[in-house]
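Asks: Below, each chain spelled out in residue letters.
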Amino acid sequence: MALLEIRNVTRRFGDFVAVDGVSLSIGAGEFFTLLGPSGCGKTTLLRMIAGFDAPDGGAILLDGQDMTGVPPEARDIHTVFQSYALFPHMTVADNIAFPLRMAKCPPGEIPARVEEALDDVSLPGMGKRFPNELSGGQRQRVAVARALINRPKLLLLDEPLAALDAKLRERMQLELITLQKEIGITFVYVTHDQEEALALSHRIAVMNKGKVEQLDEPAKIYGFPKNRFVADFIGECNLFDCTVAAHDAGGLDLAIEGLGKVRSAGAENVVQGAKGTLALRPEKVAIGRELNAADCVNRFHGKVFDYLYTGDVTLYIVEVEGGQRVEVMLPNNAVGRSSKFFEPGDAVQIGWRDDAGHYLHD
Amino acid sequence: MARRSWILWAMAALGYAFLYVPLIIVIVYSFNDSRLNAEWVGFTWHWYEVLLKDEQMLTAAWNSLIIGVSASAVATVLGTMAGYAMYRFKLRLLPVLVLMPIAIPEILMGVSLLIFFVMLNVTLGMLSITLAHIAFCIGFVAIVVRSRLTGMDESLTEAARDLGATHWQAFRLITLPLIMPGIIAGALMAFTLSIDDFVITFFTAGVDATTLPLQIYSMIKIAVTPEVNAVSTLLMLVTLILIVIASRLSPGALRGE
Ligand SMILES: Nc1ncnc2c1ncn2[C@@H]1O[C@H](COP(=O)(O)OP(=O)(O)OP(=O)(O)O)[C@@H](O)[C@H]1O
Ligand SMILES: [Mg+2]
Numbered sequence: 000m001a002l003l004e005i006r007n008v009t010r011r012f013g014d015f016v017a018v019d020g021v022s023l024s025i026g027a028g029e030f031f032t033l034l035g036p037s038g039c040g041k042t043t044l045l046r047m048i049a050g051f052d053a054p055d056g057g058a059i060l061l062d063g064q065d066m067t068g069v070p071p072e073a074r075d076i077h078t079v080f081q082s083y084a085l086f087p088h089m090t091v092a093d094n095i096a097f098p099l100r101m102a103k104c105p106p107g108e109i110p111a112r113v114e115e116a117l118d119d120v121s122l123p124g125m126g127k128r129f130p131n132e133l134s135g136g137q138r139q140r141v142a143v144a145r146a147l148i149n150r151p152k153l154l155l156l157d158e159p160l161a162a163l164d165a166k167l168r169e170r171m172q173l174e175l176i177t178l179q180k181e182i183g184i185t186f187v188y189v190t191h192d193q194e195e196a197l198a199l200s201h202r203i204a205v206m207n208k209g210k211v212e213q214l215d216e217p218a219k220i221y222g223f224p225k226n227r228f229v230a231d232f233i234g235e236c237n238l239f240d241c242t243v244a245a246h247d248a249g250g251l252d253l254a255i256e257g258l259g260k261v262r263s264a265g266a267e268n269v270v271q272g273a274k275g276t277l278a279l280r281p282e283k284v285a286i287g288r289e290l291n292a293a294d295c296v297n298r299f300h301g302k303v304f305d306y307l308y309t310g311d312v313t314l315y316i317v318e319v320e321g322g323q324r325v326e327v328m329l330p331n332n333a334v335g336r337s338s339k340f341f342e343p344g345d346a347v348q349i350g351w352r353d354d355a356g357h358y359l360h361d
Numbered sequence: 000m001a002r003r004s005w006i007l008w009a010m011a012a013l014g015y016a017f018l019y020v021p022l023i024i025v026i027v028y029s030f031n032d033s034r035l036n037a038e039w040v041g042f043t044w045h046w047y048e049v050l051l052k053d054e055q056m057l058t059a060a061w062n063s064l065i066i067g068v069s070a071s072a073v074a075t076v077l078g079t080m081a082g083y084a085m086y087r088f089k090l091r092l093l094p095v096l097v098l099m100p101i102a103i104p105e106i107l108m109g110v111s112l113l114i115f116f117v118m119l120n121v122t123l124g125m126l127s128i129t130l131a132h133i134a135f136c137i138g139f140v141a142i143v144v145r146s147r148l149t150g151m152d153e154s155l156t157e158a159a160r161d162l163g164a165t166h167w168q169a170f171r172l173i174t175l176p177l178i179m180p181g182i183i184a185g186a187l188m189a190f191t192l193s194i195d196d197f198v199i200t201f202f203t204a205g206v207d208a209t210t211l212p213l214q215i216y217s218m219i220k221i222a223v224t225p226e227v228n229a230v231s232t233l234l235m236l237v238t239l240i241l242i243v244i245a246s247r248l249s250p251g252a253l254r255g256e
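Just so you know, the protein sequences line up as chains G and C, in that order.
The letter at position 254 of the first sequence is residue 253 when you use numbering that gives the first Met the number 0, and the numbering goes up by one with no holes.
The letter at position 60 of the second sequence is residue 59 when you use numbering that gives the first Met the number 0, and the numbering goes up by one with no holes.
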């Protein structure tokens with residue numbers, strides 16, 4: 000049985016539907032992520048799970064129990080807020096001890112458990128400080144320690160790393176994964192950072208305008224996006240409007256304007272003449288002066304239109320002879336430190352395998 | 000440029016002089032060794048000694064203290080509740096109701112309270128004065144408390160609830176300690192407002208009860224003696240100290256934020 004069951008939950012603010020018929024089922028021990036652009040309803044959904052807000056329709060079940068009308072303090076769910084919400088008038092130790100005190104834990108046990116919790120988040124001996132004497136990363140850890148100290152069934156995290164710099168964020172991501180594995184508590188994690196979602200989660204629900212667009216494992220979300228929105232939102236992606244020219248057991252022949260005929264892996268329920276989209280990740284496209292690789296079924300001549308150098312990789316925009324522009328990603332491992340492979344205007348050939356692209360129904 | 004700033008400085012100095020010279024004169028002449036507020040004769044503590052032996056003055060001061068403490072205590076509790084309600088429920092009418100007593104002219108408030116007390120057969124005296132002071136102090140406390148609440152991160156109380164605190168526990172353990180400086184500032188303000196109120200007190204005092212401002216008023220009807228200067232100086236000192244403390248505790252509220 001699922002630990003958290005969200006059944007057809009809807010939340011309206013006036014005429015605006017912030018969460019629109021969302022159904023999710025989250026298992027015990029899972030690291031589950033809600034991913035979506037700003038304003039898609041992630042926080043609203045999280046607040047309903049925590050009990051700060053009530054759905055206008057549908058139900059939320061924790062461990063099979065309907066949570067309707069159950070106040071936040073009676074739910075075995077804790078939240079790590081984006082602002083951390085540490086109590087400024089209490090020391091770190093008192094902050095962490097707060098849930099224990101509320102749960103009427105024997106006072107004699109509290110100091111040892113607080114010290115243990117501080118150790119868990121690598122802040123030993125910091126108990127006497129006040130929150131304003133900590134750095135952002137330390138505050139974040141205190142918030143996590145406080146939320147986890149009496150081991151709730153479910154931990155909700157609303158963009159907990161958004162306020163940290165990139166380096167610290169990466170470290171905290173690793174720490175969160177390790178912590179979650181160690182204590183085995185179910186995490187529901189909210190973020191609008193797709194890389195973070197892919198790196199952390201067991202499963203991801205991609206949300207848009209209050210609806211779940213796709214619910215899958217990270218590799219499925221990235222490799223097999225269900226629709227244009229998901230393909231576009233997660234990572235870089237070429238999206239070509241196309242028509243199915245022919246289909247057989249081996250795959251599809253797609254007609255793409257400005258590009259020509261493209262051979263692509265098959266998809267379910269395709270009919271000839273159907274209109275759809277070919278999603279093609281830039282890193283799956285090869286580029287060279289002349290491609291000889293036999294397995295690049297789809298090959299096109301063109302010239303470099305522009306490029307974006309980002310250190311580890313360079314993203315080229317290639318204009319093929321038909322006029323279509325294709326984004327191509329080239330790792331910079333093969334190139335000397337200062338040199339680039341191609342300059343704008345260079346004649347190149349690009350190509351990709353038939354199973355590199357991914358056909359999406361409209 | 001230099002010329003213009005010189006003129007500005009002069010005008011500012013003139014303005015401040017207009018405000019503060021009368022106060023300084025009152026203070027200076029309270030130490031003057033003469034029965035008249037006319038010319039400086041010499042320094043003395045005499046008028047303060049007279050003050051301490053003046054039975055009527057001491058009774059009035061005692062009354063003012065009792066009224067000030069009880070009125071500010073009650074007004075602080077009610078005003079805090081009103082401020083919290085204004086913050087929590089964001090009703091339109093509530094702030095109007097709470098803040099009206101601040102906005103309407105004091106004389107109107109005094110007269111209406113007088114009529115009200117007479118209608119209800121409340122004997123005019125200490126009780127009626129205290130009730131009247133409570134009525135006009137609530138609004139001030141409510142403003143200070145609300146301003147303090149508005150500056151508080153709302154997610155703090157949510158975090159407390161989330162971590163297992165009931166509504167009441169969250170208020171007592173998180174909200175209350177965080178707005179305490181505002182509550183104390185509000186209480187001090189209420190006390191100073193009560194202790195130096197004249198108009199409303201005048202209407203609601205009846206015949207027996209007298210407070211410090213009423214006593215001063217009745218004395219200067221005869222003549223402004225240096226004793227009045229002395230008591231005014233003391234009153235000024237107390238008020239000033241309390242206001243300074245209050246503004247330290249809740250800086251935003253007194254700047255009208
Ligand atoms: N109390 C409210 N009253 C009215 N509208 C609201 C309220 N809370 C949220 N909304 C609206 O609902 C939508 C979803 O908000 P929500 O905070 O859930 O977005 P989000 O996905 O968390 O976005 P972000 O990534 O920016 O935090 C937004 O358009 C927001 O304006
Ligand atoms: Mg949000």
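Among the hints, a few may not be true.
Distance condition first, Cα-Cα at most 20 Å in a straight line; then the derived DMTMM-like pairs of lysine to aspartate or glutamate [stated by the list, open to error]:
#1 C:LYS89 with G:ASP52
#2 G:LYS210 with G:ASP240
#3 G:LYS225 with G:ASP294
#4 C:LYS89 with C:ASP53
#5 G:LYS152 with C:ASP195
#6 G:LYS127 with G:GLU115
Note that these hints are calculated values from the structure, not bench results.
Asks: Is the straight-line distance between the alpha-carbon of LYS225 (chain G) and that of ASP294 (chain G) 20 Å or less?
Replies: Cα-Cα ~26 Å, so violated.
Asks: Compare the distance between the alpha carbons of LYS89 (chain C) and ASP52 (chain G) with 20 Å, and conclude whether the hinted pair is satisfied.
Replies: holds (17 Å)
Asks: Does the structure keep LYS89 (chain C) and ASP53 (chain C) at a Cα separation of 20 Å or less?
Replies: Roughly 51 Å between the alpha carbons, so the hint for LYS89 (chain C) and ASP53 (chain C) is violated.
Asks: Would the pair LYS152 (chain G) and ASP195 (chain C) pass a check requiring their Cα atoms to be no farther apart than 20 Å?
Replies: Judged against 20 Å, a Cα distance of about 59 Å means the pair is violated.
Asks: Can you confirm whether the C-alpha distance between LYS127 (chain G) and GLU115 (chain G) stays at or below 20 Å?
Replies: holds (14 Å)
Asks: Against the 20 Å threshold, does the CA-CA distance of LYS210 (chain G) and ASP240 (chain G) hold or violate the hint?
Replies: violated (24 Å)
Hint violations for this structure: numbers 2, 3, 4, 5, all remaining hints satisfied.
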